[in-house]
Amino acid sequence: MTETREEAAPVAPDIPTGRSRRVRGRPLLYTSYAQDMALLDTPAKRLWTLLLVALAFGLSVLLQDRSLEVLAGAYVLAIGAIGLNIVTGYAGQVSLGHAFFVAIGAYTAAALSGPVDGENIGFGIAEVWLWLPAAGLVAAAAGVLVAPLAGRLRGLYLAVVTLGLVFLGEHVFKEWKKLTGGPGVGREAAVPELFGVRLDQDGPFGTKEQVLYTLMLALLILFAVAARNLARSRVGRAFAAIRDRDIAAAVIGVPLTRYKVLAFGISSFYAGCAGGLLYTISGYVEPGSFNLLLSVQFIAMVLIGGVATVSGAIAGALFISLLQPVTRSLPALVPFISGDTTQTPNVFQVETVLYGLLIVLFLIFEPRGLFGLWIRVRNYWKSWPFSY
Amino acid sequence: MKGLLETVIRGLGNGSVYALLALGFVIIYKATRVISFAQPALMLAGAVAVSYLAGVTGFYLAVLLSALLIAGVALAIERVAIRPMVGRPVFVVAIITLGIDVVVRVVVNGFIGRDVRQVGDPWGFTQVSLGPLVVQSRWLAMLLVTAVLVTLLFAFFRHTRYGLAMRAAAFDQETALAQGVSVGAVFALSWGLAGFLAAIAGMFVGTGQGIEQMTWVIALKALPAIIVGGLDSLGGAVAGGLIVGVVESLFQSYQGEFAPWLGQNFAIVSPYVVMLIVLLVKPYGLFGTREVERV
Chain Z
1 MTETREEAAP VAPDIPTGRS RRVRGRPLLY TSYAQDMALL DTPAKRLWTL LLVALAFGLS
61 VLLQDRSLEV LAGAYVLAIG AIGLNIVTGY AGQVSLGHAF FVAIGAYTAA ALSGPVDGEN
121 IGFGIAEVWL WLPAAGLVAA AAGVLVAPLA GRLRGLYLAV VTLGLVFLGE HVFKEWKKLT
181 GGPGVGREAA VPELFGVRLD QDGPFGTKEQ VLYTLMLALL ILFAVAARNL ARSRVGRAFA
241 AIRDRDIAAA VIGVPLTRYK VLAFGISSFY AGCAGGLLYT ISGYVEPGSF NLLLSVQFIA
301 MVLIGGVATV SGAIAGALFI SLLQPVTRSL PALVPFISGD TTQTPNVFQV ETVLYGLLIV
361 LFLIFEPRGL FGLWIRVRNY WKSWPFSY
Chain A
1 MKGLLETVIR GLGNGSVYAL LALGFVIIYK ATRVISFAQP ALMLAGAVAV SYLAGVTGFY
61 LAVLLSALLI AGVALAIERV AIRPMVGRPV FVVAIITLGI DVVVRVVVNG FIGRDVRQVG
121 DPWGFTQVSL GPLVVQSRWL AMLLVTAVLV TLLFAFFRHT RYGLAMRAAA FDQETALAQG
181 VSVGAVFALS WGLAGFLAAI AGMFVGTGQG IEQMTWVIAL KALPAIIVGG LDSLGGAVAG
241 GLIVGVVESL FQSYQGEFAP WLGQNFAIVS PYVVMLIVLL VKPYGLFGTR EVERV
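If you read the protein sequences in the order shown, they are chains Z and A. Take the first sequence: its letters are residues 1 to 388, numbered as in UniProt numbering. Take the second sequence: its letters are residues 1 to 295, numbered as in UniProt numbering.
Some, not all, of what chain Z presents toward chain A, calculated at C-beta under 10 Å: (1) Glu170; (2) Leu293; (3) Leu303; (4) Val307.
Since the hints were made in silico from the structure, they are not lab data. Every residue, glycine too, gets a C-beta built ideally from N, C-alpha and C.
Chain A with its partners taken away, still in its complex shape (with noise of 0.2 Å):
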């Protein structure tokens, strides 16, 4: 019992790291209709930039320096390729995110080098108690900064002035144009905070561990995640993110003694299999919205 609330916190920690990316994700799918695919790369992105500045200003500043400097790579890169494809098969937009991806990550991947970097981070693989429960002290901080990060968020979109232009071009672009809604802002403010919450996340990724060039799989967790949770839902990405992560927490935990037959790394690819499971009972997602078919 106090082993499986353990892997469960693990579980929680890592899932609210993938909760972060899929914020991201399902922000600039409501504002644009696409999935950018360039979310692995900023992630990595942000993570080598704390790398770099956590010796000179510190890690906390550090952290908030690269969210900052990522959300602008994001505006950057809103701006020279998607945005001239407004208008364009969503198809077409999601590709394009794809060939950024790869070039982004060249480039990041030209700065990490061939070995492992260590973000700076003070946690480390420290471990505090709860109760009778030992658990790395990595997890809780995860768990906290998403739980505060998505309460900030959630305010902002509920009782700001972007925050309800957003939601208003996510509800239909064309009468938010006519209400004096700037749409185009609107896709700039969308990829800014996904840069950021991925720049966050992959600072949270390279704690302990560090990060390295293969680092990047890991934000593609977020993709189940999203799926689970409904592409157009920011509570559904959020509980998709924990769902996942538990699962994958538990299968590491538990698969190796009672399924060995799947394999050895099977945690890895159980997100994928929730995610089939979650799509062939609700076609959705569990929070998305119901496309509406009108002839």
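Looking at chain Z on its own, in the form it has when it is part of the complex (with noise of 0.2 Å):
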């Protein structure tokens, strides 16, 4: 009896945990872990990457200033965006308040780089590696600093007392007059300067929108494959199990004031460096900005983009920010609709309705977002001509 036991036995699987090789033509063969766990899996993947992010960076060149522009700035929101994908989409904690930790981040880099003997604060650090990370630094020190007190709670009063938080901020800064020069003022935003040379300039690389066009383009890049890897490491994983049963996490050994902490702190981080960049464009920061339709844009930008998926995070940021731009020249194309404020309907008012109606539409029949659209497109071609 025990002999056949010890006969049974088995033997440890020789699991191979390197990259080995593919199998030709079965992309979906993983033969170790390290290649189920792979960032690009498949070598379609990885092509398609290569070539979208070279065409990224391409377009540097081959569009108009004013385009890159808008663009740049999309992309800084998508780090935004990417940022409360972590908090609310893959740890589940609902949050509202993410307008208030970009302010904080967009003061940050401002009194950082600001001249020091300006009107507002400044200390005159204007190196873009230094206050960067010193604008995410600060923002997620507040995110740390709030979530004990979100850690108690759940669900939907966790979404009020975020939007308390926002609420909070904007007096703080409306009132902070020294810092943020007051509503209706403003100061001058954070200035970009990397080893002296400023980049909100035309310089010896290029006008002034290619080289922030560029630098937006690497820093997104950066950071969406930070959360790319974060998504996939043990803390991704505590993060996931926490958003999908939060006592069953806990029973399994997951630290849930723990890990609930350092979600607030890595969102508020990605939001505290969104907030830094995106006044670069501008170079003016008002302190009214700051407000509860900022937080409801990021939310429909993960929204519309795709809960809990980086690249929908990235999408939804640029669908938003597009979205602009094309009701803006709608006034051209559809002829009762006014470009004029008085009038009604105008195109703010345009914006505004479709940004509502786009939230509601894609929640009621999309809820992956377009991450979702383009799964459902990638499944029918995957398998045509058969519907299955």
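Got two chains here, each in a separate frame; can you build the complex from them with the hints?
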């Protein structure tokens, strides 16, 4: 009896841990964990991602400066949306307070890089690689401070409390005139300078828009890859467990408070960096802009793009940002829509209505967002000409 | 002392408006477990409807008609956008209401235009004296009407068939379904009631100073009120609304004198501070049901 058992005792299966060879023509056959976890797990994905990145960089010479400016803004918003996706999409903690953390980042960056003898607080540190992490870290610190309170709350209680944060933040920033310049006045935004070269001026590397576009694109890729890496790590799996059922997560040994604090911290770091960068394009920041609408915009990006996907957050940010130039060009095409704010219906109203309608329609008809649409298209062609 | 009492009465007046809005939030929350962020838009729509109808039908009839109209709008929203989402995560439904709020508000703002609209109320800024106190008559009207409405509402929940059905559905939807309660009708009724209350609240917000495009922000003060009172407690909503109103009024009168370092207009955000303090002590609000976790 014992002998047979010993014979039958399972030998530890020889699972290779390194990257092993692919079987040709079998893209879904994984022969190692590393393959299964790879960011770009099929050759096709590798090829297309490479092409897409190359195209994105190529756009900086192909497009007009005006379009580049819009896209650069969209990339920065995408960084913020990825951040919100980490706390709301991956970790499932609904936050309406993203605008607050964006504001903290924006003012940290503006204060660090502002002129020392100016009207507002300034320290004259204009190097991007110094003020950008600083903006992120200060925002992350604020996120970590808020998190213990947030850790006690669940679901919609949390949503309302983070909403309160936006209102409190708006008040503080409007009143702290030494830092922000006050409502209606504002102050100059962070100055992007890399090793002594001003990036927000036409220079040897191209026009202001071209340089800023390239900078934002590079940073977006950096932040996106970091977020993808986080999502497939131990931390990412803990977040998903908390999102799906926090009690079950606690039972299998995920420390809830620690990971909720971590989620808020990382998310706020992203928000802070996005805030620091966002206003370098216009060069000006006004305390009234960090309101509930900005938070809702970020939520809309995440939902329209696709919850808990990095590529979805980027797609959502692009979609929302491009909505504005598209609606602005409507009066030329549709005669009854006016470009004048005093008339009804005008473009601003159309824009706002579209925005609300898109959120509602996406949530009702395609809850996975743009990412879900892409999955549908992909699956259709994968099995074409058969229906499944 | 006289000033303090007058401040408190002003706070109670405003607070009763917040209480009406908070009741709408709580009724919807109890029925569907969703916070409806569409309440601000419905409130504004109610005020606008009153401002248009008051000249035609007279003020009091206009209030009733507008409240019924907005209740109808709320019913339509529930049927078109909320009912298809039954069984989906509450967060998703909450965001849908946020989207609806944005859309409805744009339409309503089109009716308001760029200037301040008067709702045609009979109170305006007139004052009455209560013994030694001199207070605006609209505070008293708000307090009185809210008291009547709250009494009617509680009687409705306690003594009528539909009230019982709503309580049953709020307690346990599946069991209520098994007993023959139409949960769909309960959802519709809760949205209708919330719309009705929001329209009345909107009318009161418009008394005196009138309404403009930014008036909707006032409805968001009901959010700290429901959190302070507890999301699922009707009594808590009333108490929370009154607390928020009084605190705000006290800050309006005395903060400039005693704590100027908090900055101008701190009164506007003071409800959120109260909310944070209450949540630090009681995470489910003053009267909310503590969530029991079973593994």
